[in-house]
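**Q** Just so you know, the sequences run in chain order L and Y.
When you line the first sequence up against our numbering, it's residues 53 to 348, in that order.
When you line the second sequence up against our numbering, it's residues 524 to 782, in that order.
Hints may contain errors.
Unchecked claim - Subject to a maximum C-alpha distance of 20 Å in a straight line, what follows is the list of computed EDC-like cross-link-like pairs (lysine to aspartate or glutamate):
#, chain 1, residue 1, chain 2, residue 2
1, L, K328, L, E299
2, L, K328, L, E341
3, L, K328, L, D288
4, Y, K750, L, D128
5, Y, K750, Y, D654
6, L, K140, L, E317
7, Y, K750, L, D172
8, L, K328, L, D314
9, L, K140, Y, E727
10, L, K111, Y, D759
11, Y, K620, Y, E610
12, L, K328, L, E309
13, L, K140, Y, E757
14, L, K111, L, D172
15, Y, K651, Y, E727
To be verified - Chain Y side only, calculated, beta carbon under 10 Å to chain L, not exhaustive:
#, residue
16, E688
17, S692
18, Y739
19, L752
Keep in mind the hints are simulated off the structure, nothing from the lab.
For clarity, every value in this text was computed on a predicted model and none was experimentally measured.
Each residue gets a CB set at the ideal place from its N, CA and C atoms; glycine is no exception.
For reference, the chains in residue letters:
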Amino acid sequence: MPSLTLISHTYQQPTSTLTVRGEAPGLPEAAEGSSTPPLRAIQQNFECQLEIRQGETTKTLQGDSVWLSDLIAVIDRYVGSQLSGAPKGTFSGTVAIRPLDFIFHRLTVRQGENQIAQVDLSMTQLYDLLENLSQVADDIPQLASLGTPVTRAWYRQPAGIAALLVGGIALVAGVGIWASRTPEKRAPTAFNSAQEQLTAPEASGDPLLRLQNTLAQQWQSPPDLQESLIYRVTVDAAGSLLAAEPENELARERRAETPLADLPELPPDPLPTGAKQFRISLGPESRVEVTQIEPL
Amino acid sequence: MPSACRMSSSKPLARVRIKRRRDPVAGLPQTGDHRVLSKQKAPIDSVTVEPKQTQLDPRPAGLTTATGTIKAQLDLLLLGLESLSGEISEAVLAAAKALNLEKQIGDRVALWRLRNANPLRRSSGGRKEVDIEEARALVLVIAHLAAQQQARIRSTLEQLEAAVEQELSPFRQPLVGDYLDEFISHYRSRMVDGDVRDENSLAELALRILIELMFYSSPRGAQRLWKALLNRPEMDLPAGSDEEGEVAHSSGSDALPSS
Numbered sequence: 053m054p055s056l057t058l059i060s061h062t063y064q065q066p067t068s069t070l071t072v073r074g075e076a077p078g079l080p081e082a083a084e085g086s087s088t089p090p091l092r093a094i095q096q097n098f099e100c101q102l103e104i105r106q107g108e109t110t111k112t113l114q115g116d117s118v119w120l121s122d123l124i125a126v127i128d129r130y131v132g133s134q135l136s137g138a139p140k141g142t143f144s145g146t147v148a149i150r151p152l153d154f155i156f157h158r159l160t161v162r163q164g165e166n167q168i169a170q171v172d173l174s175m176t177q178l179y180d181l182l183e184n185l186s187q188v189a190d191d192i193p194q195l196a197s198l199g200t201p202v203t204r205a206w207y208r209q210p211a212g213i214a215a216l217l218v219g220g221i222a223l224v225a226g227v228g229i230w231a232s233r234t235p236e237k238r239a240p241t242a243f244n245s246a247q248e249q250l251t252a253p254e255a256s257g258d259p260l261l262r263l264q265n266t267l268a269q270q271w272q273s274p275p276d277l278q279e280s281l282i283y284r285v286t287v288d289a290a291g292s293l294l295a296a297e298p299e300n301e302l303a304r305e306r307r308a309e310t311p312l313a314d315l316p317e318l319p320p321d322p323l324p325t326g327a328k329q330f331r332i333s334l335g336p337e338s339r340v341e342v343t344q345i346e347p348l
Numbered sequence: 524m525p526s527a528c529r530m531s532s533s534k535p536l537a538r539v540r541i542k543r544r545r546d547p548v549a550g551l552p553q554t555g556d557h558r559v560l561s562k563q564k565a566p567i568d569s570v571t572v573e574p575k576q577t578q579l580d581p582r583p584a585g586l587t588t589a590t591g592t593i594k595a596q597l598d599l600l601l602l603g604l605e606s607l608s609g610e611i612s613e614a615v616l617a618a619a620k621a622l623n624l625e626k627q628i629g630d631r632v633a634l635w636r637l638r639n640a641n642p643l644r645r646s647s648g649g650r651k652e653v654d655i656e657e658a659r660a661l662v663l664v665i666a667h668l669a670a671q672q673q674a675r676i677r678s679t680l681e682q683l684e685a686a687v688e689q690e691l692s693p694f695r696q697p698l699v700g701d702y703l704d705e706f707i708s709h710y711r712s713r714m715v716d717g718d719v720r721d722e723n724s725l726a727e728l729a730l731r732i733l734i735e736l737m738f739y740s741s742p743r744g745a746q747r748l749w750k751a752l753l754n755r756p757e758m759d760l761p762a763g764s765d766e767e768g769e770v771a772h773s774s775g776s777d778a779l780p781s782s
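The task is simple: from the sequences and hints, build the whole structure.
**A** Rendered as structure tokens:
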């Protein structure tokens, strides 16, 4: 039976530490004593852990190769939009980010089966994150082809993490801002395929569920929100959001804090073929409700 | 676009603030590293930048000269660096030499002509065209200088973030205030719309340039800047600003050098 070698590497910036690890079949001796990690040899069981330091606290996020690929793509695209003078929120699969103002950005990521974590990043934190991600993208070009481990990933396991990671890395539990959601509220099939639908919005599927999943992933209600924000949103045939019109005053006032911040208020007139409209409610405790508006 | 910042020397910068924590940089914590082959980055205050010839993406089809937007943006980034560190011509020429770009930026006259090709300049004399190789050279030089100035850029940006966090005027933060004063002063004296733009608008421009410089101070800065320039929407520039043959009438440190 061929031996497997655990490979791990840590990338550090002042506010960001990214640790990646995975397994490679029997490493060549050249790896021993080499100053360059043989990260390109990783073929399976890839996992990563990202720490973002904010003052005296640290937020820790975890994921697999799909998650890290999404993070790399989204952050690179987002910073590109910032530097091109047209900052724009963006998402891919398990990761989303949008501007809060000209300095701060809200990163929303899926964690495990049913959790969402959010981190607000300053520009210097965004810079540090991008530096680490750019380096890991160079070091592990095979990342996109590694796939998701069949076995339960360590970051989803309730115990044993400390035994796998030697020293210094915070445990998962209790770190970060967790927005627990109630699985029963969702249709299980839609929930399980949310990632696929988000990365391939043209894929078939119930547009209502798709919208529900997208918003549930991105909406984190501000702590002081007392009542729901109601919007009339328009979605095209491919599932992409076209417009979001506030339907109550509070929704207009707090639009910048929602995942709809960058959308125009009014949809194209006439509506594109296949477009649908929904009434959505973004409520306290990160509640999301979506109902379809029947055409007249 | 994120909400535009509104600011003056007496007003706070941010309109909408959500409770966040600022992250002071306190050195690199040592993460426990397993059998790991840890690759340490250069310290953040490093000012030694190894000259290297960075390969930039191929030129886009049909683009042989820099657009007005590219010329303006390159000059504004140099203005930002100048506002952080003072007179910059010598540093640009030294960087060009270190990067083997003397063919494009060989002396102060060549640099003056490249910078004054910015259609926003009052002194729009000299050569108006900047070919794509010259623009590339400026990109490499700007990234090189931003890397040299990274500690200063980062400290200034961290002060700005703290000011936004606490809803304080950035003008009252020592590093940010100095930078803004310098940038706005240079802009007013050199740019054609310098007299008509209000302080808030110029401060916002200055801070956006500062943020961009942070990202261009990376070892990947030149590629980032080049990509951003090629993807940047066209700016609103003064009408007729790309016409040839205008007479130079610059002033101050920006005057045409005699050498």
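**Q** With reference to the structure, classify each hint as holding or not holding.
**A** Evaluated hints:
1. L:K328 to L:E299: Distance ~17 Å between L:K328 and L:E299 Cα, so the pair holds.
2. L:K328 to L:E341: holds, 16 Å
3. L:K328 to L:D288: Holds - the C-alpha atoms of L:D288 and L:K328 are around 6 Å apart, at most 20 Å.
4. Y:K750 to L:D128: Since the Cα atoms of Y:K750 and L:D128 sit roughly 12 Å apart, the hinted pair holds (cutoff 20 Å).
5. Y:K750 to Y:D654: holds, 17 Å
6. L:K140 to L:E317: holds, 16 Å
7. Y:K750 to L:D172: violated, 26 Å
8. L:K328 to L:D314: Roughly 19 Å separates the two Cα atoms, so the pair holds.
9. L:K140 to Y:E727: holds, 18 Å
10. L:K111 to Y:D759: violated, 42 Å
11. Y:K620 to Y:E610: The hint holds at about 18 Å.
12. L:K328 to L:E309: violated, 24 Å
13. L:K140 to Y:E757: Given that 20 Å is the threshold and the Cα spacing comes to 17 Å, the pair holds.
14. L:K111 to L:D172: Judged against 20 Å, a Cα distance of about 10 Å means the pair holds.
15. Y:K651 to Y:E727: violated, 27 Å
16. E688: holds, 8 Å
17. S692: Nearest chain L Cβ about 14 Å off; hint violated.
18. Y739: holds, 8 Å
19. L752: With a minimum Cβ separation of about 8 Å from chain L (threshold 10 Å), the hint on Y:L752 holds.
Checked against the numbered hints given earlier, the structure breaks hints 7, 10, 12, 15, 17 and satisfies all the rest.
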